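Protein chains in written order, with the working numbering: chain A, 1 to 412; chain B, 413 to 784.
In short, the hints are calculated from the structure, not lab data.
This one's a predicted model, so the numbers in the text were calculated from it and none came from an experiment.
Note that beta-carbon positions come from the ideal geometry of N, C-alpha and C, so glycine has one too.
Quick partial rundown of chain A residues pointing at chain B, CB under 10 Å, derived from the structure:
#1 Leu96
#2 Asn161
#3 Pro162
#4 Ser364
#5 Arg372
#6 Glu386
Cut-off 20 Å, straight-line C-alpha distance, at most; resulting in silico cross-link-like pairs (SDA-like, lysine to any residue):
#7 B/Lys753 - A/Tyr143
#8 A/Lys43 - A/Asp61
#9 B/Lys553 - A/Cys156
#10 A/Lys377 - B/Met522
#11 B/Lys735 - A/Glu85
#12 A/Lys86 - B/Tyr746
#13 B/Lys691 - A/Arg166
#14 B/Lys556 - A/Glu159
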Amino acid sequence: MTLTEKIKDPEKEKRKIKSDKKMRALMTDYYIEAKTPKAQTGKKIAWITSGGPVEPLQVMDVIPVYPENYGAMIGASKMGVELCEKAEQMGYSSDLCSYARADIASATVNGGPIGGLPEPDMLVCCNNICGTVLKWYEVQARYYKVPLFILDTPICHTEYNPDMKRYVTTQIQEYISFLEKICGKRFDYDRMTEVGKLSVQGQRLWQEILDTTMNRPAPMTCFDAFFHLAMIVTLRGTQIAVDFYESLLAEMKDRIAQGIGMLAQEKYRLVWDNLPVWYRLRWLSDKFSAHSACLVADTYTSGWCSSMQYLDENDFLGSLAEMYTRIFLNTGTDIMADNIVKMVEKYEADGVVFHSNRSCKPYSLGQYDIQRIIQEKVGIPTLMIEADMSDERNFSESQIETRIDAFIEMLK
Amino acid sequence: MERIGIFKQIVSNPCEYARNWKEKTRGKVIGNFCSYTPEELITAAGALPFRILGSGATISKANAFLQAYSCSLVRGALEDSLEGRLNFLDGTVFPHTCDSIQRLSDIWRMNTNYAFHADLIMPVKLDTESAEQYMISVIRKFRKDLETGFGIRITDEMLKKAIQTSNQVRASLAKLYEIRKNSPEKLKSSELHTVFKASMVMDRNQLADALRELITFLEDEKIAETPNAKRIVLTGGLCSMPDIYDVIESSNGAVVWDDFCTGSRYFEGQINEEGDLEKNIASRYISRIVCPAKHSGIYARGNYLLDKVRENHADGVIFVFLKFCDPHSFDYPYMKEMLEKEGIPSMLFEIEEQTSSGGQLQTRCEAFMEML
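Same shape as in the complex, but just chain A (with noise of 0.2 Å):
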């Protein structure tokens, strides 16, 4: 190594998010601990898909492990063609998830960066977010021959009636008496009390920390928040993430007192629609900044929020289902665009990105109508990348460069 590459360009330095290795160090422990053998910490493991009710797990002393978080962190560390392709061997067919092919093909080789997620003794399911979901969950309970239980949130294209309150909140309900059977144990409600006190805390931090890049410049930008998403995902309802996030806010509260931007120079403000091209985020990052474009807001790390509104803290178990029903992807379209619109206006973005998702039909079709109204409503110029969250075959370099490159030019 030479004398030049050990100096650190202190600008760039300065810019770096500090917090950035302490979320690392969390993020470990929490996998040690959930890879530990259950002798060991005689907990049970959870599998629980992204959108769904961690809380009453924590309550049970369960280990929730998110199959999703996995399937991003095989995306990251470009590990996903391998993994997708063989589940395609399995007779998986290409076009379905990229998340759900790496996962069912990790399984069966321990694969993937830290060789494989702990074998579940229950799978918990909500089809929030999507139906692959319920099809993928359905796979590792025939693999690993365990209970699974699904919590069905109907569609809210139009409205959230009073019939499927009902249905949501007695499936609330079954579900406690679900882990309740397979742990053993009564379900502790004064406990749900603090473990809800402390999902709600850490839901406001993260919508908190998200709202600092209203500020120019802004202190971070998306592809920060897609790193600093995986607490809210995996630790929502802990101290910890209550404690880790009250830091990392702290932090960009510092960095606007001190006016750090994350970009050098930031000229134009983007929202990025949909989940992170993960064995992309560096390229994309870098392509954005060299334009002095800073993605300053996304729809996606804002939907672990994004039904806040229906959550009554006091009773936390009593408004579980509406809030878990009411997430933006488990509603109609125009629900959707409106939720754009109000960030475009919120974050004064000049811009917005859409990444056309082959693995995610529920975020992606329907965003050409999005694009559309948003010319209507607020007349910016708006992007669609092809790609794929973690399969790397679905990504053209040269195609989505050139794209950028001319999107810039609009932006000018």
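Use these hints to put chain B onto chain A, whose structure you have.
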């Protein structure tokens, strides 16, 4: 072929049939997408339930609304709608099934102008008490929505009559399956498929009579059997490509069963005509084999397939479903494995409605039949 003349004529232009029906009866036509549409309520309302399958025309307008990775049913249906081919419809019903249909409902609601739009958000799991209760409430709500939407009242008497008719239709369709299974030469699968396609758009009273006549005709008919045809069960979804039946039959195969929503799932299970009628409609859906977008245990569809193979002494299974159909694609590997364990050969054919891949299918099908 004369005996299925009426059905053939309707299938050659279902839209024209619906237009004429409308002119003659002054009734409403309600488009729908799925076998979870309680047609009985639509019929009871005096309207015509019209199953939308997509005309198979080239996609152009729909490309501005749907990505290329959505299935040909979703794209084809929207294309027909945007091109005005469905302008006789007074409304559309979208029972919630897969992610693509879910979003098609939104896109349809935002970009087409039919007077009535109903989302039937049926439960996704059909194996719990609370799901059944919820399903009943969805059906009750749909009845009210129809009443409000069309300014009518659907009495129990009207609903009961509609259920009686649909039960007759289902019994007749089941009978036709029986006839085809026992004497494939009497009723070719391609003919039976034509009957089904017509059944899903025809005036249901007229249909009930036409089916009865066809059955009487077939029962009297004497035809020499060809005993050595290979017996095939089809599984998958929405096979609206008629070529496939011709291909199977010309390769010396005979279809003895299927689990298509445009086939056996359309007629399986009867509705009790007494008591709480909405509850009875729900009971049929709960007890019938599920569409793969629904859940009823993790082996439900695999076990059903094995049962049908055994019951019908089938020699092999052909999986047929649309490209980009997630629910079927997820079920395929385990169902194939279950068949393998029992020594039952199978092949998979992914289809796209707009492109007739007849040649390729013929070659593969012949090879498969030879292997059997």
